[in-house]
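Visitor: Given chain R's structure and the hints, the job is docking chain B onto it.
Chains R and B are the protein sequences, given in the same order.
Those letters in the first sequence? Residues 1 to 253, per UniProt numbering, in order.
Those letters in the second sequence? Residues 1 to 300, per UniProt numbering, in order.
If you are wondering where the hints come from, they were derived from the structure by calculation, not from laboratory data.
Don't be surprised by glycine CBs; every beta carbon is placed ideally from N, CA and C.
Heads up, some of the hints might be wrong.
Stated by the list, open to error - DEER-style ranges, computed between Cβ atoms:
id, chain 1, residue 1, chain 2, residue 2, range
1, R, N45, B, M277, 37 to 43 Å
2, R, H186, B, K82, 41 to 47 Å
3, R, N70, B, K82, 29 to 35 Å
4, B, K82, R, K125, 39 to 45 Å
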Amino acid sequence: MTEPILELKNVSTVVNKGTASETTILKGLSLKINPGDFITIVGTNGAGKSTLFNVIGGNLIADAGQVLHNGHDITHQGEVARTSFLSRVFQDPKLGTAPRMTVAENLLLATRRGQRRRLRFRGLKQRLAEFAQLAASMNNGLENRLNTATGALSGGQRQALSFLMATLKRPDILLLDEHTAALDPHTSATLMQATNARITEDHLTALMITHHMEDAIKYGNRLLVLKDGQIKADLTGAEKANLTPEKLAGYFE
Amino acid sequence: MGLITSSIGQGLLWALLGLGLYLSFRILNVTDMTVEGTFPLGAATAVSLITHGVNPLLASLVACLAGALAGLITGLLTTKGKIPSLLAGILTMTAAYSVNLRIMGNKSNLSLMGQTTLFSNAFLKQLPQYFDSVVLGLIVIAIVTGLIVLFLNTEYGQAFIATGDNPAMARSMGIATNKMVIFGLMLSNGLVGLCGALVAQSNGYADINMGIGTIVIALASIIIGEVAFGELTLGQRLVAVTLGSIIYRLILLAVLQLGFSANDLNLISSIVLALCMMLPQLDKILNLKKPILKGVATHD
Numbered sequence: 001m002t003e004p005i006l007e008l009k010n011v012s013t014v015v016n017k018g019t020a021s022e023t024t025i026l027k028g029l030s031l032k033i034n035p036g037d038f039i040t041i042v043g044t045n046g047a048g049k050s051t052l053f054n055v056i057g058g059n060l061i062a063d064a065g066q067v068l069h070n071g072h073d074i075t076h077q078g079e080v081a082r083t084s085f086l087s088r089v090f091q092d093p094k095l096g097t098a099p100r101m102t103v104a105e106n107l108l109l110a111t112r113r114g115q116r117r118r119l120r121f122r123g124l125k126q127r128l129a130e131f132a133q134l135a136a137s138m139n140n141g142l143e144n145r146l147n148t149a150t151g152a153l154s155g156g157q158r159q160a161l162s163f164l165m166a167t168l169k170r171p172d173i174l175l176l177d178e179h180t181a182a183l184d185p186h187t188s189a190t191l192m193q194a195t196n197a198r199i200t201e202d203h204l205t206a207l208m209i210t211h212h213m214e215d216a217i218k219y220g221n222r223l224l225v226l227k228d229g230q231i232k233a234d235l236t237g238a239e240k241a242n243l244t245p246e247k248l249a250g251y252f253e
Numbered sequence: 001m002g003l004i005t006s007s008i009g010q011g012l013l014w015a016l017l018g019l020g021l022y023l024s025f026r027i028l029n030v031t032d033m034t035v036e037g038t039f040p041l042g043a044a045t046a047v048s049l050i051t052h053g054v055n056p057l058l059a060s061l062v063a064c065l066a067g068a069l070a071g072l073i074t075g076l077l078t079t080k081g082k083i084p085s086l087l088a089g090i091l092t093m094t095a096a097y098s099v100n101l102r103i104m105g106n107k108s109n110l111s112l113m114g115q116t117t118l119f120s121n122a123f124l125k126q127l128p129q130y131f132d133s134v135v136l137g138l139i140v141i142a143i144v145t146g147l148i149v150l151f152l153n154t155e156y157g158q159a160f161i162a163t164g165d166n167p168a169m170a171r172s173m174g175i176a177t178n179k180m181v182i183f184g185l186m187l188s189n190g191l192v193g194l195c196g197a198l199v200a201q202s203n204g205y206a207d208i209n210m211g212i213g214t215i216v217i218a219l220a221s222i223i224i225g226e227v228a229f230g231e232l233t234l235g236q237r238l239v240a241v242t243l244g245s246i247i248y249r250l251i252l253l254a255v256l257q258l259g260f261s262a263n264d265l266n267l268i269s270s271i272v273l274a275l276c277m278m279l280p281q282l283d284k285i286l287n288l289k290k291p292i293l294k295g296v297a298t299h300d
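Bound-form chain R, shown alone:
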């Protein structure tokens, strides 16, 4: 039995504490994520999917319970500190990249994710060839726009760039927060294939929230259904392989 790379123990979160609108979002949620897991997560709005990501990412500190990384308690570690082993791609293409910096400059920033940034020359030119090769793996022409301000890219290219930035320096945990949801079906499918290829080839440990039932079933080795702040179903192997969107929808009731 391998040790989980990340573990949540009885995690609860409360919003609007001490007011009339106090609500518990995650309700004693426990989850073990093993190295190499590619977990897809589905659930209705308000089920706690984003809150789960925020607790894992350190944007939100759990009100009860524990978060462990390789067995170490990181429950109270902040977002910036966790970037040394964790990265994230957001749903909104505008959130993941710096619009006035070029594609190459954005990638360069990502090479030092979670590391000290020194008063040393940035050394962009030496890495351009490497970045071009990396960008080409996204199959959307990003490699021809390395010196373009990111704000001038299409949503699909920006999101592909965000994904590259999140995986350029290998993370222990990769969080994909509906990262293809804002794109048109074709672009979304291209990015999803590139995502899957990268995760599989590099044996990354990843969690992906999606509203796309087919994607949730098709990709990954494990599927979680979240409902009312708890894990309603945790499906792997044949159980996951034999799912249909209809059967999956049944878990929502």
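Guide: Okay, now just chain B, sitting in the frame of chain R:
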């Protein structure tokens, strides 16, 4: 001719203010009102030290540090105290007024008459009239611009730019954005403090009210530079700020020649800045020809 030389000299000295504000306003995306207090703080610190016999170069550097300290306070108020940056700047600016009076020994005006300043340098003294400001301004601006460009091209500098461009993304890349904001405000206000020290030595006095309108002057340098020169690289943009500062002084000179008094300057500064900032909008409404605008940046 003398008046034009004088304006260019003033433009160069005051360009430091524009460069300082560029770091906060354009790069960090913060409108920092602190500068209205930092500018006279730098002036008061330098003049007070010089009248107490301190070497003028050292006095100017201490003025720079005093400015950085004011920036630190605004930075802490806005990051740790969660006070909106505009209000945090106003608080520091207001507090600085009292501090400045203390530094100036509770006098509203402190003269440098008969004191040794940076302008007492033998080389500067032998230059034709007004060229001392031009030469000293050029030296200081060249050094400061060069250092800023070098800094922005370091790993740390890139993280600084990213913080202003997209703070959420910067944090997700492990950049401690609060520290960056504090650092940027210190750097920015340090330059503004130094500018106050230089302008006071050029004028021959420090005045408690010399900060009024400085934010407008700084913004005018930045915006005029952008409107006049359009899309540029980061390094070129910094040079454009200095050129904008000189153009602004020449506009003021022209306006004074038209018969306005020096008392009208704040009104005129505001009108110039307002017009420049409205140019993209006016362009839409009046359909001005693009060549007049020479390409006001459309993407940022």
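Visitor: When the structure is checked against the list of hints, which entries are broken? Sort them ascending.
Guide: Result: no hint breaks.
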